[in-house]
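Protein chains: 2
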Amino acid sequence: MTIDTALSELSTLLGDRLSRSKSDLEAHGGSESHFAPAPPDAVAWPVSTKEVSQILRTCHAHGCPVIPFGAGTSLEGHTSAINGGLTLDFSRMAALLSADPGDMVAVVQPGITREDLNTELRATGMFFSVDPGANATLGGMAGTRASGTTTVRYGSMRDNVMALEVVLADGRVIRTGSRAAKSAAGYDLTALFLGSEGTLGLITELTLRLQGQPEAISAGVCAFETLEQAVGAVQHTIQMGIPMARIEFVDTMSVRAVNAYAKTSMPEVPHLLVEFHGSQAAVAEDAQTFGDIATEFGATGFESATKAEDRNRLWSVRHKAYYACLGLRPGAQAIVTDICVPISKLAQAVTETRADIDASHIPGPILGHVGDGNFHAILLIDTANPVEVAEAKRLAARMTERALEMGGTITGEHGVGMGKLGYMDAEHGAAWGVMGDLKQALDPKGILNPGKVIRAN
Amino acid sequence: MTIDTALSELSTLLGDRLSRSKSDLEAHGGSESHFAPAPPDAVAWPVSTKEVSQILRTCHAHGCPVIPFGAGTSLEGHTSAINGGLTLDFSRMAALLSADPGDMVAVVQPGITREDLNTELRATGMFFSVDPGANATLGGMAGTRASGTTTVRYGSMRDNVMALEVVLADGRVIRTGSRAAKSAAGYDLTALFLGSEGTLGLITELTLRLQGQPEAISAGVCAFETLEQAVGAVQHTIQMGIPMARIEFVDTMSVRAVNAYAKTSMPEVPHLLVEFHGSQAAVAEDAQTFGDIATEFGATGFESATKAEDRNRLWSVRHKAYYACLGLRPGAQAIVTDICVPISKLAQAVTETRADIDASHIPGPILGHVGDGNFHAILLIDTANPVEVAEAKRLAARMTERALEMGGTITGEHGVGMGKLGYMDAEHGAAWGVMGDLKQALDPKGILNPGKVIRAN
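Protein sequences, first through last, are from chains A and B. Numbering-wise (my numbering), the first sequence opens with residue 31 and increments by one. Numbering-wise (my numbering), the second sequence opens with residue 31 and increments by one.
No lab work stands behind these hints: they were computed from the structure. Hints are not guaranteed to be accurate.
Which bits of chain B does chain A cover? Going by a derived footprint, with three or more residues having C-beta under 8 Å, they are [to be verified]:
| hint | segment |
| --- | --- |
| 1 | 125–133 |
| 2 | 205–216 |
| 3 | 221–229 |
| 4 | 307–313 |
| 5 | 367–378 |
| 6 | 402–414 |
| 7 | 440–448 |
Source: prediction; values computed, not measured. For glycine and all other residues, C-beta sits at the position ideal for the given N, C-alpha and C.
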């Protein structure tokens, strides 16, 4: 068999860094999501770009699928080995190779996690800003063009990856981008690989844009009587151009979940959590302006804090929200879906989604990075119950339809994987075919992460 | 002949909007640059996406080259019809289709110029930030991934185009992107077409991100004894994270040119011109901080102004610089070249380039968008003198080599066209081949702007 031929050649190259043990296969066959497990035939732990290139040359020769694996935190079935093959686990390529304060850049291997990177950077006075919540790897975050709480201020992976080293399907190694702040030298290959979910090439090195630690940080939280008021305040704040560093929404059900999970006693109403970065004066001015807008929209109890411990206390509700929500229905699994709409449509999108979920029998807290127009529903279901699965899928589909009707997108940050494949045609139409043409050009044998992003042949 | 067959079919479709008159061909065969004229066989003025699609279907069927044409302000021979064919002049697709303050976006046709767009937007309190100097069209600016004086604050076309409508080589019409602030829904086709210089598809509509007019604007200018001091101050300012809206450098020779051209009497030494956008308080704080840094680097006479008329006076030196420089050597033509380097290398790059030009016999003022690490040399030569042409090419080549040695790029904003083709291999290596693979996938007959960006077959 072609996969077996490839694996037997690779076992000579990799020795005990190629495993076919059941436990290794199972550990790489799923992810933090509801998709059925689809384990690969083997898992490899490469240690260098050269080795990744050799692996791909071999797999290309024998038509063996190759699936990149970071921290396994993706939510749309990105790492499922649906045609079997070889999973490349990048955990042994996880170094911070350099950090340069002069250019505010870091060079990393793809397996480093966001938290490890920022821990290593702490002494430099710089940090990497993209924060998707999960402790994902930088390679995985690049693959899904991740974003998160600070994207409203510092941008997504699209804005914070300057250059890549990529191994192509046939083993060729290329470099894209540079350390220059901008370039007009040909096609933007960096942007093409970001968000390609391992289907066009495997990222083996990233040059990242870093941010300076702000002189001052101020955080705040406030409560609203209604969801419309809270989201209306967000919309107005963004339209006013106030430079929010974070602006996050949690709905009533999310707050109830956090209270139960963390034994807190927040008022069980919609909340906004905000953060400002800048000089002492700017941060104070921004907090004041935001507080005025929030009050105008009916907020109560706006509290802001600049000390780290107080800020952390205010933010703990947001950090705990995902696991707290899972706790709302013990034993349930979550279908976590995300859409992103133009900011002018945000209040309507959140309100209508809330009404849809309320009208069903599935609990589904809503929360998100509302400064970007991006929010999530955490649909808590018993995946063994086909009625609940169908209802969750209906709700998720309705969210994506609404996003498209409003001029938005079917996923703001989770990516396509397998979970959003069914909506790609509706979003992109003929442009989805163009994505297929590009895939065909760079991976004609279709060995790279098959079954993701692109229309099945 | 295949081109003639295509043109005769199209003349039925387009009537007097297809011209083969000598004057029309000559007006579209060159650009504001030193390349030899290469007129097309015909010029068409389409009025709709549907018509562009019909034209491309016909040209595709007959293998007729198609060259998009905006304002003709490109500098690297982008619009030369080196294989003849049909130039599409977008001047009759130049409408602002909508401007939406709720989402801060505008939808435009490709032929609208930057100045016309901002004039039409004036009453809305919003503006489009990308300013390459020339009054280019938005389609052309997208094609070259243009940037300019405000990129240090608001980004380049890469950051300010949210969505595109594109007609592909075979006439298919696709839409890329959306109005959502971010998306993870598949390959970033918007980014792929930006900077593709008309070689992958023709842009027929753009959705642009707009900025709010800042509450306050402060501008300033200061003089330095040496180039090293001026550029050192820039480097430090950027590394400190001061949110400059513009920070431009003009060297001694540029100031001398402006004095002669505009009858001013500025001290003939290197200058920086800066601008700050924000609240009254923030602008005052930023100007103060910048002034302190500049003084530390030896600046004298730092003068800042917030009134529009005073700001315009301060900036007039920069706006006049290009034509003033051309006036330094009456009758000469300019080879205007641009590179972009990591900010930590900026002072060294400018200093060494100045020394190279000083050691040659060609006058060449240096100026540029130094906040991005991007600068230009305006090499003034007699293009009829082969010794001067060779020397200018040597100096330009040395600039690109230096940019690459420093981890930068061969062009920060002018694009590749034909002028930078010879350096693409040095910058991209095997990745240049990948660009060719993408071109082959989307334009297999090679009809779109042949001879630009991609390696010749």
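Comparing the hints with the structure gives:
Here the segment 125–133 of chain B counts 4 residues with a CB under 8 Å from a CB of chain A, which clears the bar of 3, and the coverage holds. Coverage of a stretch by a chain is defined here by at least three residues with a beta carbon nearer than 8 Å to that chain's beta carbons; for the segment 205–216 of chain B and chain A the count is 11, and the condition holds. Beta-carbon proximity to chain A at under 8 Å applies to 5 residues in the segment 221–229 of chain B; the threshold of 3 is reached and the given coverage holds. Coverage of the segment 307–313 of chain B by chain A holds. Counting CB-CB distances below 8 Å, 3 residues qualify, and the rule asks for three or more.
Beta-carbon proximity to chain A at under 8 Å applies to 5 residues in the segment 367–378 of chain B; the threshold of 3 is reached and the given coverage holds. As drawn, the segment 402–414 of chain B meets chain A at 3 residues by the rule of a beta-carbon pair under 8 Å; at three or more, the given contact holds. Counting residues of the segment 440–448 of chain B whose C-beta lies closer than 8 Å to any C-beta of chain A gives 7; at least three are required, and the coverage claim holds.
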